[in-house]
Amino acid sequence: MRAVIIALSISLTALAPNLAKAQAPSPINEAVEAYNSNDLARAAKLFYETKMTDTVAANRAKAEYYLAHSLYKMGLYQSALAYYNAVFVAGPAHPYYLKAAEGLINVAAALKDDTLIPSQINKFYNSQAFARMDPMALSRINFYVGLLLYRQEKFGESMAFLGAVDAKSPVFAKSLFLQAIIHTKMGVRYNLARDEARTQAEYDKAIALFEQIIDLSGRTEEKAKIAIENYDDIQRLWQLCTLNLARSFYGKGDYSRAVQYYSRIPRFSKDWADALFEIGWAYYMRQEYGKALGALHALHSPFFKDLFQPESWILTATIYFQVCLYDESKAALNYYTDHYEKHLPLLKKLIEGSLPNEAFASLLLKDKLDPKDPMAQVPVSIRKAILENPRVENFRHFLRSLEAEAIAISQEDEWKGHRLAQELTGVVNVQRTLLQKTAGGFVKANLRQAYQTIYGFVSHAKMVQLEITTKERLLVKAGYPIKAELRGKLAPRPKVPDETYNYWRFVKEYWEDELGYYEYTVRRACPKTPK
Amino acid sequence: MKTKALSVIVAVLLLASVASAQSPNERIHAIQKRDYSIKNKLELSIFAGPSVGDVFTQQIGAGLAVDYHFDEAFALELSWLTCKAPFYNGSEQTTGQFEGDGIRWGAMYTDAYDEVKNDAQLSPSNADLAMITNYVGMNVQFSPLYGKWALFNSSLGHADFYVTAGGGVAGTEFRNSRKLWQDTGTYFVGNFGLGFRIFMARWFAVRLEVRDYAFAAKVEEAAEAAGSTGAVSTKIRNTLFVTLGLSFLFLGEEPVQIWSPY
Chain B
1 MRAVIIALSI
11 SLTALAPNLA
21 KAQAPSPINE
31 AVEAYNSNDL
41 ARAAKLFYET
51 KMTDTVAANR
61 AKAEYYLAHS
71 LYKMGLYQSA
81 LAYYNAVFVA
91 GPAHPYYLKA
101 AEGLINVAAA
111 LKDDTLIPSQ
121 INKFYNSQAF
131 ARMDPMALSR
141 INFYVGLLLY
151 RQEKFGESMA
161 FLGAVDAKSP
171 VFAKSLFLQA
181 IIHTKMGVRY
191 NLARDEARTQ
201 AEYDKAIALF
211 EQIIDLSGRT
221 EEKAKIAIEN
231 YDDIQRLWQL
241 CTLNLARSFY
251 GKGDYSRAVQ
261 YYSRIPRFSK
271 DWADALFEIG
281 WAYYMRQEYG
291 KALGALHALH
301 SPFFKDLFQP
311 ESWILTATIY
321 FQVCLYDESK
331 AALNYYTDHY
341 EKHLPLLKKL
351 IEGSLPNEAF
361 ASLLLKDKLD
371 PKDPMAQVPV
381 SIRKAILENP
391 RVENFRHFLR
401 SLEAEAIAIS
411 QEDEWKGHRL
421 AQELTGVVNV
431 QRTLLQKTAG
441 GFVKANLRQA
451 YQTIYGFVSH
461 AKMVQLEITT
471 KERLLVKAGY
481 PIKAELRGKL
491 APRPKVPDET
501 YNYWRFVKEY
511 WEDELGYYEY
521 TVRRACPKTP
531 K
Chain L
1 MKTKALSVIV
11 AVLLLASVAS
21 AQSPNERIHA
31 IQKRDYSIKN
41 KLELSIFAGP
51 SVGDVFTQQI
61 GAGLAVDYHF
71 DEAFALELSW
81 LTCKAPFYNG
91 SEQTTGQFEG
101 DGIRWGAMYT
111 DAYDEVKNDA
121 QLSPSNADLA
131 MITNYVGMNV
141 QFSPLYGKWA
151 LFNSSLGHAD
161 FYVTAGGGVA
171 GTEFRNSRKL
181 WQDTGTYFVG
191 NFGLGFRIFM
201 ARWFAVRLEV
211 RDYAFAAKVE
221 EAAEAAGSTG
231 AVSTKIRNTL
241 FVTLGLSFLF
251 LGEEPVQIWS
261 PY
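If you read the protein sequences in the order shown, they are chains B and L. For the first sequence, position 367 (counting from the first letter as 1) is numbered 367 according to my numbering, and the numbering increases by one without interruption. For the second sequence, position 238 (counting from the first letter as 1) is numbered 238 according to my numbering, and the numbering increases by one without interruption.
There could be a bad hint or two in this list.
Unchecked claim - Derived pair list, reagent style DMTMM-like, types lysine to aspartate or glutamate, alpha-carbon separation capped at 20 Å: (1) LYS33(L) to ASP513(B); (2) LYS33(L) to GLU509(B); (3) LYS33(L) to GLU512(B); (4) LYS291(B) to ASP513(B); (5) LYS73(B) to ASP413(B); (6) LYS39(L) to ASP498(B); (7) LYS33(L) to ASP498(B); (8) LYS495(B) to ASP35(L); (9) LYS368(B) to ASP306(B); (10) LYS179(L) to ASP128(L); (11) LYS495(B) to ASP71(L); (12) LYS33(L) to GLU253(L); (13) LYS218(L) to ASP128(L); (14) LYS348(B) to GLU358(B); (15) LYS33(L) to GLU499(B).
To be verified - Reference listing, derived: stretches of chain L covered by chain B, where coverage requires no fewer than 3 residues with Cβ under 8 Å from a Cβ of chain B: (16) 24 to 37; (17) 104 to 118; (18) 126 to 134.
Please keep in mind that the hints were generated in silico from the structure rather than gathered at the bench. If you're wondering where the values come from, they're calculated on a predicted model, not measured in any experiment. Glycine included, each C-beta is placed from N, C-alpha and C at the ideal position.
Bound-form chain B, shown alone:
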C-alpha cells in the first residue's frame, strides 16, 4: 500500500508543472503544491474546492481522486472512502477508476471492513478494467469479493474469485483456507444428502488445501518465518488448518486421525475449547467413553467458566447413558436445564420484542453496560460467546476509528467553518449510525442463534431422558438393581504410557497443568446378559 501511495505522489509531482501551465488560476495547482509538500489538510480543502468549482472536467476528476487520497493519507479512512467510492461508482470512464478501487481496498484493510466495501466492489466489479490493475491489489479485491460471496453462501462464484488470487499475494493463504472451508461445507451438504462418494471427495479436497497451507511453512522454522512475513495471519491459519483437518477427518468418519489432529491444538490456545469439545465427540464415536468424558471434564472446569457450551452437556448425558450410568446422565441433563434452558424465555423476549437493531449494538460496542440497558440482561456466557466472534473486534475497531475521525475533523484548523468539514462530519455520522445498525443486527442474529441452539438441544435432552426412563424400567423388570453401584465393578485405572508420564488422581481439585489430560474410568454398569 505504501508503494502505491509513493507511486501516486511521484506521478502527481510530475503532473504539477503541466497543471500549472494549463489552469493558472485554478485551485488545483495550489492543491498539488500543498499535496506535494505534505500539507494534506490544505491540499484536501483545495482539491475539494476544485472538485466543486473547477470548470474543467479533467481537473474535477483528478481533484476528486486526490481529495480521497489526501484524506486517506491523513488517516481519515471513512472520509476517504466516501470520495474513493464516488470515483469508483463512476465506472471505468473515470480516469481514476482503478486507483479508486485500490484505494477502496486499502481503506477496507485499514478499517477492517470485510463487508461493506467488498460488497460495493462486487457491485461494480469490472473484470475487463480490473485486468489492468496491479496483480497484488487485484488479488486482494478478489479475496474480499470471494469472502463476501462465501458469506452469502454463493460457493461456486466465491471459489472463482478465490481461485484467481495470485500465489504471491499476502492473501493467498487466506484464499486457500476459504476454498478449503467451502469444500468442507459442501462435504456437510452431501453428507446430509447421503451422497457418500461426493462427501468423501469434498473432504479430500479440503484436506489437500489445508495441507497446502501448512506446506507454505516448509515445515521448518526458517521457512515458516519467511511465510509469516509473506502471508497475512498465516500463523493463525496454521492452527485453524490443524483444527479443520481434524474436522475434515471427523467428517470423513476417520475418527482416529481426527483425534490425532485435535490433540495438536495447543492447550490454552484460542481454539482449545473447540478442540476439547470436538475431540469428545471423536472419542465418543470411537466408543472411548472414558477419554470423551475426560475431555469434557476439562471443558467443564473453572478454567472455562462462563463458556457457552450447551451441547457439551448433552454429549455428557449421552455418554453416561451409553454406559448405563443413568443417575449421572440425569445430572448432566439437569445441569443443562438449570444453566441453559432457563435462558430461553429471556432470549425469546429480546429477539421477538420491539427493540430496534441499534438497541442491540451496545452489547458489543460498549465495554460496560448500563444496568437499565436491555443488553445487560443477556446471560454472561452468551455475551462472552458473541464477543469472542472475530468480527466483533472489527466492529469495535471500525467504531473507534469513526470516533477518532470525528474528533480529528472537528479539530482540523484548516477546515474550520469550511464546507468540507461539514460534509465529512456528515459522512462520519451517517456511517456511525449505519455501523450501529449493522452491529445491532449482528448481535440480534447471534442471540437468535443462541436461542435456536439451546432450544434445539432441549428436544435432544428430552429424548435422552425418555430413553433413560425406558432403560430403567427394563432394568427393574429384569430384576437388576436400579443403583449402578450394585450392577458392576469400576474399571481399573488407565495405564500410564511410560515412566516419563505422571499419574495424578483427580480429587476434586483442578490443577491447571492437568487440564486436558483427564481420563475417566467408569463402572461397568450395563447388564451383560438379560436376566
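Could you slot chain L onto chain B? The hints should help.
Structure of chain L alone, referenced to chain B:
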C-alpha cells in the same frame, strides 16, 4: 516406571475446587507427560554448605557432582567434596604438621571444644576431631517421589525427592594442641543422604541436600605435640553436610519444539 509411581501433591489449590460431589461410579485420572523428565539426562552440579550437628568441629564443604539418570528413578553419581585445597597442606612447621587456615574452608572447633578441652574427662579424643579434607566417591541415587506445588495460586513448581547412598575415599586431618594441622590418614568413607531437586527449568534445578559422611577414624597424636601421650584414639566419625547446589541438566528427551501454533 513401575517402581516410581509414588506421586505427591505438596500443595494448595490452584483453581477452585469442585462444588459437586464426585459420583461413586467413576474415577477421574490425569495422565500427563512429565514437565521435568530426567531420564537419560546428565546432571552437572556445584554445591556448598556447612557441616552441622557435630559437637566439636565444623566445616564448610563445596563440591562438584556428575549424575547420570538411567531413568526417572535411578541415577549414578560421581562426586567430589572438598573442605580444603587439594594436594597442598600449607606451610610445614614440623614433620607432618602444617599451618594454613586460609586453605581450609571454615574448618574450626566449636565453642564447646574450647570449654571442655582442659577437662580430662570431657575433652574430645583426637579421633573426635578428625575432619574430612577431600572426598571422592560414587553414589546411587533413588528418586521415588515427584511432586508439584502451587505458589500463591499463581505458578506451579516441580521437584523430586531422592535418597542417595554410596562410598569413596577421603583424606582427613585434625588440628592438634599446637594449632597445627596434622594428617590423620585416608579412609574409606560411606555416605547416606536425602535431598530435593527443585526444577526451575528443563535444564536447570536447585538441589537442597543433607548427607552424612561416616568413616572410622584412628588417630595417633604426634609425639611433638605439647602434652602428647602418643595415644591412639578411634572413633566412628559422622559429618553431616547440609548443602545447596545448582544443577545443570543436559541430554535426555528434548521437548517437542513448537515453532508454529499447531
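Going down the list of hints, with the structure as the test:
1. LYS33(L) to ASP513(B): 10 Å, holds
2. LYS33(L) to GLU509(B): 19 Å, holds
3. LYS33(L) to GLU512(B): 14 Å, holds
4. LYS291(B) to ASP513(B): 17 Å, holds
5. LYS73(B) to ASP413(B): With Cα atoms ~17 Å apart, LYS73(B) and ASP413(B) stay inside 20 Å; holds.
6. LYS39(L) to ASP498(B): It holds: about 11 Å lies between the C-alpha atoms, which stays within 20 Å.
7. LYS33(L) to ASP498(B): 9 Å, holds
8. LYS495(B) to ASP35(L): Satisfied, since the Cα-Cα distance of roughly 19 Å is no more than 20 Å.
9. LYS368(B) to ASP306(B): 17 Å, holds
10. LYS179(L) to ASP128(L): 16 Å, holds
11. LYS495(B) to ASP71(L): Holds, at about 19 Å.
12. LYS33(L) to GLU253(L): Holds, because 12 Å separates the two Cα atoms, which is no more than 20 Å.
13. LYS218(L) to ASP128(L): 9 Å, holds
14. LYS348(B) to GLU358(B): Cα-Cα ~18 Å, so holds.
15. LYS33(L) to GLU499(B): 9 Å, holds
16. 24 to 37: holds (count 13)
17. 104 to 118: violated (count 0)
18. 126 to 134: violated (count 0)
In this structure, the earlier hints numbered 17, 18 are contradicted, and the remaining ones agree with it.
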